[in-house]
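Listed below, chain by chain, are the residues.
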Amino acid sequence: MPGDLGLRLDPSQPLYQQVVQGITGAIVRGELASGAALPSVRELAQGLCINPNTVQKAYRELERSGLVQPRPGSGVFVHLDEARLGAVRARLAEDIVTDALRALAMFGIEGEAAVELFRARAMTEGGATRGGRGD
Amino acid sequence: MGEAIEVTGVSVRYGRVTALEDVHLSVAEGQTVVLLGRNGAGKSTLLRVMAGLLRPQLGSVAFGEARTPAALRRAVSYCPDHGALYPCAAPEIGRLLATAWPGWDGRRFAGLCAELDVPEDRPATALSKGEAARLRLALTLSRPGRAVLLDEPFAGIDPASRTAVARILTGHIADAAPAVVVATHELRDVEGLFDRVLLLSDGRLRCDEDADALRARTGASLDDLVKGDVPA
Chain A
25 MPGDLGLRLD PSQPLYQQVV QGITGAIVRG ELASGAALPS VRELAQGLCI NPNTVQKAYR
85 ELERSGLVQP RPGSGVFVHL DEARLGAVRA RLAEDIVTDA LRALAMFGIE GEAAVELFRA
145 RAMTEGGATR GGRGD
Chain B
-2 MGEAIEVTGV SVRYGRVTAL EDVHLSVAEG QTVVLLGRNG AGKSTLLRVM AGLLRPQLGS
58 VAFGEARTPA ALRRAVSYCP DHGALYPCAA PEIGRLLATA WPGWDGRRFA GLCAELDVPE
118 DRPATALSKG EAARLRLALT LSRPGRAVLL DEPFAGIDPA SRTAVARILT GHIADAAPAV
178 VVATHELRDV EGLFDRVLLL SDGRLRCDED ADALRARTGA SLDDLVKGDV PA
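Protein chains in written order, with this note's numbering: chain A, 25 to 159; chain B, -2 to 229.
One thing to keep in mind: the hints can contain errors.
As the list claims (entries may be wrong) - Some chain A residues well away from chain B (every beta-carbon gap over 12 angstroms; in silico):
#1 Pro76
#2 Val79
#3 Arg115
Claimed, not checked - Covered stretches of chain B (chain A as the covering partner; in silico rule of three or more C-beta atoms under 8 angstroms from a C-beta of chain A):
#4 35 to 46
#5 154 to 162
#6 177 to 188
For the record, the hints were derived by calculation from the structure and aren't laboratory data. Because the structure is a prediction, the values reported are computed rather than measured. Backbone N, C-alpha and C define an ideal beta-carbon position, used for all residues, glycine too.
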């Protein structure tokens, strides 16, 4: 895992939230496994060219949501509690569905029509993507 | 959190021209502030007042115990965007300053010069614009100041060196958590360095906002805001 954790930041959106979301995503996808060390604040700040305060704030937020744990003197580590991971996954999945529904509503596709689209898509896509992330 | 640079009611006039008008602000240790504004907005004047190099006609600047221009000059590390450099090469400058500046960190200076690729074989007066800018930054960050003021540190510097400068600044902030104020027009690839934004216009402070709050409010990058693509 490189010093920037492979994160790509969009400077037109709040940076702190993007760091939180980027690391949360990497944990949920299993790219950062339980027990893995996060880069030091200095290292990630330099890797992403952002202020160390921003990284510090993101790490505190991840700690509050129970995904990482600081160990005094040795750094911050991914702390995987299956129940918590399930809750975060469910919340992220809800966000994805909400975004998709909002986008569809802009085309006037709502309610049962939207559900039907999801169902049809799940039937054709389901077999292709089940059990793997593709990459 | 330690001290803060406190600017209180500062006004500066050059003859009949008003450069700064009743500016109030506070920058605490650990904060990294970008000072934006068009040419002539008063950015360099404000930095020079904060560095103790210019005495305002009205108002005052304090940084902890430092309350006079002479005390500010000792307490604050200031990097101008131009100006005379010594007519000798970087290593020689380092040896000179070791005897002149209390707390000068010669080892750090040598390390910064290497990291910033400052030529060691030519006198500073014979360096290119970008090389001289990098040398000024190395000089500034080798002083023990708890406050760092940089005037256009990215001007005239090629993209690879910009990244090196940003990396060094980020490391310095992580290690020392000084109060940092940077006046710049060039934000591309480096705007993440700053956690707070000040905007000067006609000598007045028009905006003082958390950088991420500004992004959330406008949906624009600081770079876009500076280029005038989006109204702040």
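Results of checking the hints against the structure:
no. : hint       : result
1   : Pro76      : violated (4 angstroms)
2   : Val79      : violated (9 angstroms)
3   : Arg115     : holds (20 angstroms)
4   : 35 to 46   : violated (count 0)
5   : 154 to 162 : violated (count 1)
6   : 177 to 188 : holds (count 3)
Going down the numbered hints, you'll see the structure goes against 1, 2, 4, 5, while the others check out.
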